[in-house]
Amino acid sequence: MKKKSLISILIAMAMTLACSLTAAAAGNKDEGRSEERLLLLRANAAEPVDRVRFLRPMHGFDVVSDRAILVWETPFKAWLVELRESAACQRLENELSLRLDVRSGDSLSTRHGYLVGRNGILCRMETIREVDVPAWREARKEAGL
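All the letters of the sequence shown, read from the start, carry residue numbers -25 to -1, 1 to 120 under mature numbering (1 follows the signal peptide of the UniProt record, and there is no 0).
Each hint should be verified, as a subset may be incorrect.
[Said to hold, decoys possible] Label pairs and their calculated CB-CB ranges:
no.: 1; residue 1: A110; residue 2: R8; range: 18 to 28 Å
no.: 2; residue 1: E101; residue 2: M33; range: 12 to 22 Å
no.: 3; residue 1: G95; residue 2: R115; range: 29 to 39 Å
Simulated from the structure, these hints should not be mistaken for laboratory data. None of the values given here were measured: they were computed from a predicted structure. From the three backbone atoms N, C-alpha and C, an ideal C-beta is built for every residue, glycine too.
Take the sequences, apply the hints, and build the full model.
Put into structure tokens, the structure is as follows:
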């Protein structure tokens, strides 16, 4: 009986380890994809600007990584916003809601701009760069992302 119990425990431990390794590999794959996506965005972005004024409400935004979001002014015009490195800004992709705290109302600014997480966590904007959306989409397609 003891031998069967030990074997059962070892099998359970092996299965748990296999599941953990599979989850870790999937996490690393997603992390690698977000890093690759960020590199493509940087390669297709213009020089940084201090401020962007929007003439209409923002269309939306996507979390690219823990340090970057893609802000869509329209479905065809986007801005890569990189965030200052901070422990508060980790796991943004797991946030149920995010909002931009823009002091001037109609502008993104590296001076006064923050990304605000669900629990009021503030992530300061470090750089803002316009993305050449058609070129980025083509590069993404070629990279298989």
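At the C-beta level, are E101 and M33 separated by a distance inside 12 to 22 Å?
19 Å, holds
Status of the given 29 to 39 Å range, CB of R115 versus CB of G95
About 33 Å separates the Cβ atoms of G95 and R115, which means 29 to 39 Å holds.
If I claimed the Cβ atoms of A110 and R8 lie 18 to 28 Å apart, would that claim hold in this structure?
Cβ of A110 to Cβ of R8: about 19 Å, so the range 18 to 28 Å holds.
Hint compliance for this structure: every hint is met.
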